[in-house]
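Could you slot chain C with the ligand onto chain Y? The hints should help.
Chains as they are written, first to last, in the numbering used here: chain Y, 428 to 761; chain C, 5 to 552.
Not one of these hints is a red herring.
Okay, derived cross-link-like pairs now, PhoX-like style, lysine-lysine, Cα gap no bigger than 25 Å in a straight line:
1) C:Lys444 <-> C:Lys361
2) C:Lys504 <-> Y:Lys728
3) C:Lys470 <-> C:Lys361
4) C:Lys470 <-> C:Lys451
5) C:Lys361 <-> C:Lys448
6) Y:Lys571 <-> C:Lys504
Covered stretches of chain Y, as calculated for chain C (at least 3 residues, CB under 8 Å):
7) 607-619
8) 663-675
9) 678-689
10) 692-698
11) 715-727
Don't read these hints as lab results, they were simulated from the structure. The C-beta atom is built at its ideal place from N, Cα and C for all residues, glycine as well.
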Amino acid sequence: MAVSSSLGAFSDQAFGAATAAYTVALICTAVEFSSRRIAARTDRSADLVGAGALTRDGRPDGVPIVPTAGPYGHVASTPATAIPWGERFGRAGLAVAVLGFLAQLASIVTRGFAAGRLPLGNMYEFTSAISAAVIGTFLVVKIKNRDLPIGVFVLVPITLLMYVNGTVLHVAVAELQPALNSYWKWIHVTTVSLSSGVLMFSGIASLLYVLRHRFEARGSDATSVWAKLPSLERIDRIAYRTAILAFPVYTFAVITGALWAEVAWGRYWNWDPKETCAFITWVIYAGYLHARATAGWRGTKSAWISVIGLVSIVFNLFFINMVIAGLHSYAGLN
Amino acid sequence: MSTHDITHLRPDDQLEPPGPLPYPTRQRPTGPRAVAGLARVLWRQLTSMRTALILLFMLALASLPGALLPQWSLDQGRTLTYIENNPTVGPILDKLGFFGVFGSPWYAAIYLALFTSLIGCLVPRTWDFARALRIEPVPTPRNLGRLPHRAVPVATAETADEAAIRITDGLRRWRLTRRDEPAGVVTLSAEKGLVREVGNLVFHFSLLGLLAAIAVGKILGFEGTVIVAEGGGFCSSSPSVYNAFRPGLMVDGTDLAPFCVNLDRFDAQYTDAGLATDFDASIEYQTGAEVAAGSAGWTSRHLKVNDPLRLEGERLYLLGHGFSPEFTVTFPNGETRTVSQVFQPTDTSLLSEGVVKILDPPGYTGAEVRRHQLALQGLFAPTAGSAHGNSNILTSVAAAPDDPAVAIQVFRGDMGMEDGASQSIFGIDQRQVDSGALTKLNRKNMKLNESMTLDDGTTVTFTGYKQWVQLQTSYDPAQGYALVFAITLLGGLMLSLTIKRRRVWYRITPDGSGRSIVEVGGLARTDQAGYGEEFTSLAALARPPRPS
Ligand code: HEM
Numbered sequence: 428m429a430v431s432s433s434l435g436a437f438s439d440q441a442f443g444a445a446t447a448a449y450t451v452a453l454i455c456t457a458v459e460f461s462s463r464r465i466a467a468r469t470d471r472s473a474d475l476v477g478a479g480a481l482t483r484d485g486r487p488d489g490v491p492i493v494p495t496a497g498p499y500g501h502v503a504s505t506p507a508t509a510i511p512w513g514e515r516f517g518r519a520g521l522a523v524a525v526l527g528f529l530a531q532l533a534s535i536v537t538r539g540f541a542a543g544r545l546p547l548g549n550m551y552e553f554t555s556a557i558s559a560a561v562i563g564t565f566l567v568v569k570i571k572n573r574d575l576p577i578g579v580f581v582l583v584p585i586t587l588l589m590y591v592n593g594t595v596l597h598v599a600v601a602e603l604q605p606a607l608n609s610y611w612k613w614i615h616v617t618t619v620s621l622s623s624g625v626l627m628f629s630g631i632a633s634l635l636y637v638l639r640h641r642f643e644a645r646g647s648d649a650t651s652v653w654a655k656l657p658s659l660e661r662i663d664r665i666a667y668r669t670a671i672l673a674f675p676v677y678t679f680a681v682i683t684g685a686l687w688a689e690v691a692w693g694r695y696w697n698w699d700p701k702e703t704c705a706f707i708t709w710v711i712y713a714g715y716l717h718a719r720a721t722a723g724w725r726g727t728k729s730a731w732i733s734v735i736g737l738v739s740i741v742f743n744l745f746f747i748n749m750v751i752a753g754l755h756s757y758a759g760l761n
Numbered sequence: 005m006s007t008h009d010i011t012h013l014r015p016d017d018q019l020e021p022p023g024p025l026p027y028p029t030r031q032r033p034t035g036p037r038a039v040a041g042l043a044r045v046l047w048r049q050l051t052s053m054r055t056a057l058i059l060l061f062m063l064a065l066a067s068l069p070g071a072l073l074p075q076w077s078l079d080q081g082r083t084l085t086y087i088e089n090n091p092t093v094g095p096i097l098d099k100l101g102f103f104g105v106f107g108s109p110w111y112a113a114i115y116l117a118l119f120t121s122l123i124g125c126l127v128p129r130t131w132d133f134a135r136a137l138r139i140e141p142v143p144t145p146r147n148l149g150r151l152p153h154r155a156v157p158v159a160t161a162e163t164a165d166e167a168a169i170r171i172t173d174g175l176r177r178w179r180l181t182r183r184d185e186p187a188g189v190v191t192l193s194a195e196k197g198l199v200r201e202v203g204n205l206v207f208h209f210s211l212l213g214l215l216a217a218i219a220v221g222k223i224l225g226f227e228g229t230v231i232v233a234e235g236g237g238f239c240s241s242s243p244s245v246y247n248a249f250r251p252g253l254m255v256d257g258t259d260l261a262p263f264c265v266n267l268d269r270f271d272a273q274y275t276d277a278g279l280a281t282d283f284d285a286s287i288e289y290q291t292g293a294e295v296a297a298g299s300a301g302w303t304s305r306h307l308k309v310n311d312p313l314r315l316e317g318e319r320l321y322l323l324g325h326g327f328s329p330e331f332t333v334t335f336p337n338g339e340t341r342t343v344s345q346v347f348q349p350t351d352t353s354l355l356s357e358g359v360v361k362i363l364d365p366p367g368y369t370g371a372e373v374r375r376h377q378l379a380l381q382g383l384f385a386p387t388a389g390s391a392h393g394n395s396n397i398l399t400s401v402a403a404a405p406d407d408p409a410v411a412i413q414v415f416r417g418d419m420g421m422e423d424g425a426s427q428s429i430f431g432i433d434q435r436q437v438d439s440g441a442l443t444k445l446n447r448k449n450m451k452l453n454e455s456m457t458l459d460d461g462t463t464v465t466f467t468g469y470k471q472w473v474q475l476q477t478s479y480d481p482a483q484g485y486a487l488v489f490a491i492t493l494l495g496g497l498m499l500s501l502t503i504k505r506r507r508v509w510y511r512i513t514p515d516g517s518g519r520s521i522v523e524v525g526g527l528a529r530t531d532q533a534g535y536g537e538e539f540t541s542l543a544a545l546a547r548p549p550r551p552s
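Only chain Y is shown next, with the shape it has when bound in the complex (with noise of 0.2 Å):
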């Protein structure tokens, strides 16, 4: 059970790779988005069908994109003969960013062997457990979508976050009360952090939907960077097959949270500042997965919903922990 030191160093120094390679990967996937070349929809039903497949529809190699009339442009993809600049950097980044993935895995498994027990403890681990999810997440959307120009918006806010932890939120290995461990207690940690990454990734898709969108009002300049974004379409079936998928998974972290609590403080439900956070997101939740059903929300307002789910979630995460303490309080911070 004792702490083990080196492992805990080496676990740092992973981080810190992970870090340093969602930097490079961020600076690549910025080059490669902005240099990325728009072209006009051809068929706009060819996408209805084959999605993933967006920019070499019908299209054959060699013929020059001319952007003429539809502001949706989609993003085409020069000819094979000569990979172009942008596009190598976005190979770049995304090899990068798996490296950084892998680094920051071997950082999070060796952090739980150095402390003896699952590495989910404290605020430091908790968010680097959900940069983790966020980006996995990421890397299996890019992995089916190869074309998606959203890896700079991921790597962002990620790799901030990631600073954030490595400096502020650093704290060294430690074990937690031995006592207080409770099986229930580490399902619920992990499915929570689990969930929240992936719908954290879903949130940042639906902010691009809004943002997208928002240029479309404006008269989709075709010059402008934000042309280059994914069409409304595309994002929001990202937005929403991600969000379907972590739903269920949050919805089953809340119910062993509940288990926990009946374990551990004599009820099930307490609604303590963290319980009761967590709910509030699932209800933004299920109000998202109503509001496609429902009748004038579609689009826009449901994509602004999720993204309220988005700052719920981080609220949960940051100011609930830092700032209001309750039964949960885990941060270990002080």
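Just chain C with the ligand, lined up with the frame of chain Y:
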């Protein structure tokens, strides 16, 4: 610019035949019919998806102060401090129920409206669903090209009948109806994913069940906390045995199951770093049935944190622990008393504060008794340390009782206990000190078996300590049901989110020369993300197999 996104349906895109109008529009009804009509309109409003959505938001918003403001139910001290620190808004917020959000009338109004809306929405949907199970998939729409999913019509060398049979073969697990129209046209309507509706209904009904289970718990449940020192015990025969008792709305405490518990000893184990590895209360107990039967046997058990004792319905938890210092007092007349009192922990290393009161000192009579009452007030440290190098200030460096010490201030005089007002068991009445009724005497830090002598010859010796535990009895007859509904809720949700309810139609039109044209259209009833790929393969069914 519109955001119409053709993967999404608008409500008027529904392909069902329109239902009957809500009420006749011929003439304005009057009298009771007008009232009924208005009620129906209001009911329709309340049970609409839009209202449900707005009520969900209101629920989220109304919960927010419950997370941001201190709540009476969680921390009375902090709530009181907050109100004192905000003398203008504090009392107003308190009146409006902001420090008891989840019991406030406005919160109840929101969730009751939401759940009324839910019932009003579930009942007709359940009927619709039962009907949908019985009737055949809806007829093929006239113009398949207007559906959100469609494919280019294909020509096949088969007759309409052959093509229909071939396509039917490819739709094995679909609910399917074939309709023969005039001029040899054959249509196929197929539907899949009704289970989604089952999941959705199960989810929403589980919400109702969960609310009911929570309500029953609030009405019939109770909680009582009690402090028990080593060697002591309690029987849960009435609320008065508890230090704090929180009854449900309809609990009067007359029919508590009287189980009994004795605490033999309490042990806490710590790592070298001072972290607790184990809290272990060795108890023995008799269940309600054993007590009623007059049984003489007791069952031994280790009660630990996160491991409650589950009796018939009631649960007993170990929630906290602390120390009761023990003093031996020798009075001027030679009599000795051993006294002890629960001290309240103030931090994680269990530096505890409290007071031992001796209200009936021996050797005095009449009014003299009250003038010679003793209070030993101060701190207890399980492992003594000193603050800032000042050996007079006692602190605790660890929670394990390795080197216990006390810092005691003695008072003598009238405690002021006779005026009926209740006093904290952890302190003395400062007004008695201020008025001179209580006199401050010696102050001393003592290790085990050290003593001090007062001006009248009384000696006070610190002879040891006992450990105490805080136990809680919880009773909630409906929590098992709450768990069952939580599980069905999750199951329903997963079904509903993973299964899509979707339809596909084929219209096969013979061209008169033995060949046919096949048109395909598809529609997913609900959120469409992801029907595309499946539809592509459904559309491929229209194409005849390649001649081999
Ligand atoms: C008590 C609060 C409610 C919560 C927490 C809630 C939650 C949800 C969630 C999470 C979904 C998406 C998952 C699914 O499709 O099963 C959903 C769908 C749905 N809810 Fe609710 N709901 C509530 C109340 C209501 C009410 C009052 C109505 C009726 C007006 C309603 C009607 C529906 C319908 C029709 C769907 C299906 C939407 C679709 O087909 O995509 N719900 N609800």
